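Student: Sequence:
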Amino acid sequence: MKKLVMVTSILSLALHLHATPLYTKCAACHGQEGEKSALNKSLIIKDMDKDAFIAAMKGYKDGSYGKDQKAMMKAQVLSLSDAQIEEIAAFITKK
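For the record, in the sequence shown the residue sitting at position 76 is 76 according to my numbering, with numbers rising by one throughout.
Keep in mind that a hint or two might mislead.
Straight line, CA to CA, 27 Å or less: simulated BS3-like cross-link-like pairs of lysine-lysine [what the hints assert, rightly or not]:
{"id": "1", "residue 1": "Lys36", "residue 2": "Lys94"}
{"id": "2", "residue 1": "Lys74", "residue 2": "Lys61"}
{"id": "3", "residue 1": "Lys70", "residue 2": "Lys50"}
{"id": "4", "residue 1": "Lys25", "residue 2": "Lys58"}
{"id": "5", "residue 1": "Lys46", "residue 2": "Lys25"}
{"id": "6", "residue 1": "Lys61", "residue 2": "Lys50"}
{"id": "7", "residue 1": "Lys36", "residue 2": "Lys50"}
{"id": "8", "residue 1": "Lys41", "residue 2": "Lys70"}
{"id": "9", "residue 1": "Lys58", "residue 2": "Lys94"}
{"id": "10", "residue 1": "Lys94", "residue 2": "Lys50"}
{"id": "11", "residue 1": "Lys36", "residue 2": "Lys70"}
{"id": "12", "residue 1": "Lys70", "residue 2": "Lys46"}
{"id": "13", "residue 1": "Lys67", "residue 2": "Lys50"}
{"id": "14", "residue 1": "Lys25", "residue 2": "Lys41"}
{"id": "15", "residue 1": "Lys58", "residue 2": "Lys74"}
Now the in silico label distances, taken between C-beta atoms and shown as ranges [what the hints assert, rightly or not]:
{"id": "16", "residue 1": "Gln32", "residue 2": "Gln84", "range": "24 to 32 Å"}
{"id": "17", "residue 1": "Ala83", "residue 2": "Asn40", "range": "13 to 21 Å"}
{"id": "18", "residue 1": "Asp51", "residue 2": "Thr20", "range": "28 to 36 Å"}
{"id": "19", "residue 1": "Ala90", "residue 2": "Gly59", "range": "13 to 21 Å"}
{"id": "20", "residue 1": "Asn40", "residue 2": "Ser81", "range": "28 to 36 Å"}
{"id": "21", "residue 1": "Gln84", "residue 2": "Gly63", "range": "28 to 36 Å"}
{"id": "22", "residue 1": "Ala28", "residue 2": "Lys70", "range": "16 to 24 Å"}
{"id": "23", "residue 1": "Lys74", "residue 2": "Thr24", "range": "15 to 23 Å"}
{"id": "24", "residue 1": "Asn40", "residue 2": "Asp82", "range": "12 to 20 Å"}
{"id": "25", "residue 1": "Gly59", "residue 2": "Leu39", "range": "17 to 25 Å"}
{"id": "26", "residue 1": "Ala28", "residue 2": "Gly66", "range": "26 to 34 Å"}
It is worth saying that the hints were derived from the structure and are not from the lab. Keep in mind that this is a model prediction, so the values were computed, not measured. Ideal Cβ positions, reconstructed from N, Cα and C, are used throughout, including at glycine.
Build the full structure now, drawing on both the sequences and the hints.
Tutor: So, in structure tokens, the structure goes:
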């Protein structure tokens, strides 16, 4: 029974960490589950609702959103399509 629980836990973690490869570059600053304030300046993205997250990412992309980290984030999201932003949002935010 212990082995089954351990295997199930490992598989669950592996699936969670690989839910979207798009989030891997975000994790360095925002944490594996979006639990960190990037550079102690950003919102904690896991606490954002999906629509707010998507609006922020699109705003970074078009330059209409952000403060201190606006230029850094624009560079991070510029190459993302709307579908990719939605995929990241589905992975990291509240429903």
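Student: So, for every hint listed, does it hold in this structure?
Tutor: These are the hints, each one checked on the structure:
no. : hint                      : in the structure
1   : Lys36 x Lys94             : holds, 15 Å
2   : Lys74 x Lys61             : holds, 5 Å
3   : Lys70 x Lys50             : holds, 20 Å
4   : Lys25 x Lys58             : holds, 17 Å
5   : Lys46 x Lys25             : holds, 15 Å
6   : Lys61 x Lys50             : holds, 17 Å
7   : Lys36 x Lys50             : holds, 17 Å
8   : Lys41 x Lys70             : holds, 11 Å
9   : Lys58 x Lys94             : holds, 18 Å
10  : Lys94 x Lys50             : holds, 6 Å
11  : Lys36 x Lys70             : holds, 17 Å
12  : Lys70 x Lys46             : holds, 19 Å
13  : Lys67 x Lys50             : holds, 20 Å
14  : Lys25 x Lys41             : holds, 18 Å
15  : Lys58 x Lys74             : holds, 9 Å
16  : Gln32 x Gln84: 24 to 32 Å : violated, 19 Å
17  : Ala83 x Asn40: 13 to 21 Å : violated, 31 Å
18  : Asp51 x Thr20: 28 to 36 Å : violated, 18 Å
19  : Ala90 x Gly59: 13 to 21 Å : holds, 18 Å
20  : Asn40 x Ser81: 28 to 36 Å : holds, 30 Å
21  : Gln84 x Gly63: 28 to 36 Å : violated, 18 Å
22  : Ala28 x Lys70: 16 to 24 Å : holds, 18 Å
23  : Lys74 x Thr24: 15 to 23 Å : holds, 19 Å
24  : Asn40 x Asp82: 12 to 20 Å : violated, 29 Å
25  : Gly59 x Leu39: 17 to 25 Å : holds, 18 Å
26  : Ala28 x Gly66: 26 to 34 Å : violated, 18 Å
Against the hints set out earlier in the document, violations occur for numbers 16, 17, 18, 21, 24 and 26.
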